[in-house]
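Trainee: Following the hints, put chain B in place on chain A, whose structure we already have.
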Amino acid sequence: MDIIIPVTIVSGLGLFFGIGLAFASRVFAVKTDERIEKVKTLLPGANCGACGYSGCDGLAEAILKEGVSPSKCTVNTKEGTNAIAEYLGVDEGEVSQMVARVICEGTWRNAGKKYDYQGVQDCHAANMLSGGLSQCFYGCIGLGSCQHVCPFGAIEAINGLARVNPDKCTGCGICAAQCPKGIIKLVPVLTGYTVLCANHEKGGIAKKNCKVCCIGCMKCQKVCPNDAITVREYLAEIDYTKCVNCGKCAEVCPQSCIHDAMHERLPYEPDDEPQAADAG
Amino acid sequence: MKELFSILILAVLIENFVLSKFLGICPFLGVSQKTSTALGMSGAVIFVNTLASLVTYLVNDLLLKPNNLEYLQTIAFILVIAALVQFVEIVLKKLVPPLYKALGIYLPLITTNCAVLGSALINVDPSRNYSLLQAVFFGFSAALGFSLALILFSGIRERLETSDIPEFFKGMPIALIAASLVSVAFVGFAGLVI
Chain A
1 MDIIIPVTIV
11 SGLGLFFGIG
21 LAFASRVFAV
31 KTDERIEKVK
41 TLLPGANCGA
51 CGYSGCDGLA
61 EAILKEGVSP
71 SKCTVNTKEG
81 TNAIAEYLGV
91 DEGEVSQMVA
101 RVICEGTWRN
111 AGKKYDYQGV
121 QDCHAANMLS
131 GGLSQCFYGC
141 IGLGSCQHVC
151 PFGAIEAING
161 LARVNPDKCT
171 GCGICAAQCP
181 KGIIKLVPVL
191 TGYTVLCANH
201 EKGGIAKKNC
211 KVCCIGCMKC
221 QKVCPNDAIT
231 VREYLAEIDY
241 TKCVNCGKCA
251 EVCPQSCIHD
261 AMHERLPYEP
271 DDEPQAADAG
Chain B
1001 MKELFSILIL
1011 AVLIENFVLS
1021 KFLGICPFLG
1031 VSQKTSTALG
1041 MSGAVIFVNT
1051 LASLVTYLVN
1061 DLLLKPNNLE
1071 YLQTIAFILV
1081 IAALVQFVEI
1091 VLKKLVPPLY
1101 KALGIYLPLI
1111 TTNCAVLGSA
1121 LINVDPSRNY
1131 SLLQAVFFGF
1141 SAALGFSLAL
1151 ILFSGIRERL
1161 ETSDIPEFFK
1171 GMPIALIAAS
1181 LVSVAFVGFA
1191 GLVI
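Chains as they are written, first to last, in my numbering: chain A, 1 to 280; chain B, 1001 to 1194.
Any given hint could be a false lead.
[Unchecked claim] Derived Cβ-Cβ restraints for the label pairs, each shown as a range:
id: 1; chain 1: A; residue 1: P225; chain 2: B; residue 2: S1036; range: 26 to 34 Å
id: 2; chain 1: B; residue 1: Q1033; chain 2: A; residue 2: D122; range: 52 to 60 Å
id: 3; chain 1: A; residue 1: I19; chain 2: B; residue 2: K1170; range: 48 to 56 Å
id: 4; chain 1: A; residue 1: F23; chain 2: B; residue 2: L1176; range: 39 to 47 Å
id: 5; chain 1: A; residue 1: S25; chain 2: B; residue 2: L1039; range: 24 to 32 Å
id: 6; chain 1: A; residue 1: T41; chain 2: B; residue 2: L1133; range: 45 to 53 Å
id: 7; chain 1: A; residue 1: F16; chain 2: B; residue 2: L1176; range: 36 to 44 Å
id: 8; chain 1: A; residue 1: G20; chain 2: B; residue 2: I1165; range: 43 to 51 Å
id: 9; chain 1: B; residue 1: D1061; chain 2: A; residue 2: G20; range: 18 to 26 Å
[As the list claims (entries may be wrong)] Derived lysine-lysine pairs resembling PhoX-like cross-links, with alpha carbons at most 25 Å apart:
id: 10; chain 1: A; residue 1: K38; chain 2: B; residue 2: K1093
id: 11; chain 1: A; residue 1: K72; chain 2: A; residue 2: K40
id: 12; chain 1: A; residue 1: K248; chain 2: A; residue 2: K202
id: 13; chain 1: A; residue 1: K38; chain 2: B; residue 2: K1101
id: 14; chain 1: A; residue 1: K219; chain 2: B; residue 2: K1094
id: 15; chain 1: B; residue 1: K1094; chain 2: A; residue 2: K65
id: 16; chain 1: B; residue 1: K1101; chain 2: A; residue 2: K31
id: 17; chain 1: A; residue 1: K31; chain 2: A; residue 2: K242
[Claimed, not checked] Coverage of chain B stretches by chain A, computed from C-beta distances (three or more under 8 Å per stretch; other residues unrestricted):
id: 18; region: 1066-1078
id: 19; region: 1090-1097
What the hints contain is simulated information worked out from the structure, not anything from laboratory work. Using N, Cα and C, we set each Cβ at its ideal position, and we do this for glycine too.
This is chain A alone, in the form it adopts within the complex:
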């Protein structure tokens, strides 16, 4: 009978700590990118560190955030590495690719023209006249300087906005260097949600210039579970080390300027015409 007390005490302690820990893991839960978890299960799980990162967790994060190739895991089988690429929705060789993204959605329909431009059909030339023919000073001029220099024909200026064809883009960065507004950014292919606007003007003014601009309303900042998105000078910026790709910011944005750039393409409008062009 005397055994009852010690058994109760030890089991009681165990139960107390077990429940306490379960409770704590709920309360202090940190939202992580679910893709990282899935990639981690697709890796061998030996935590050997041969890849140079801190365990399989570290490599999974590097694959998604820094564009490291899953073939860095020398322990994994070929099927395993392919399975990772398949899960992420890209070809095996493309996981570690960089891709160009135009941080703007200012077609002529969304952002109007400042003036009727009759000059040299080049963004650098137009940029010299009050910052280009788009009403938004920061946005895409749309005359196709990037298209002209792309060696792969992967970027086209259509209806006032440069659009990247991700199947052709090799991430060389030549377009990004050309753009006079500097709104073409080179990012790892797996980067999902992006704020597709570069406008730093106050919300009221920005809205007059473009329909889909970021107005700095901070709705995204309030809803982000990880504080990954912050509004600086009336423009939202995503910190990709904290972003878990949940898409909550995109849901609440009143201007619909945040999109999953990996899977969503700006739809073509009925009157879209390609710029008079030299396909590079």
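Mentor: Using the frame of chain A, we list chain B on its own:
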């Protein structure tokens, strides 16, 4: 005050956990290759050991002693330490992410570290008769002693990296020999009366 000071000297120098009692050798040899990792590990051990000393002393005082269950100390303390370390990891991950990134991998390493259990058991040793404050301070000082040994040794190991060592001694053999020499050096404190 004087007792606390003597506890400090006792735990750090005279009865250094790693070099005199030979507890916690695993992380001592495993984590001491670089001084930066040694510092991280030391921080984690100090944090965990102090907290564990507090909670285990209370568990012993309030649950085990009134029911004459001192023989359950080992089991109960391991339970407490494991749960505590898990809890600390969860809280750190949420509240102080940079610290979690720095210490994170080391925290599970400390869970079953015999140095932490050792200091918890010494605290409740009836012949020592520590009060709560003395027990917590002993836990803190023991961890401090562990850190001293770890950081000292990491410096030595970094130096060994660039020394001319015979091929068959390179790596673990020379580390073990160096560790034993450091331990012999600490015997010099054995006669300290405080």
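Trainee: Any hints this thing doesn't respect? Which numbers, in order?
Mentor: none
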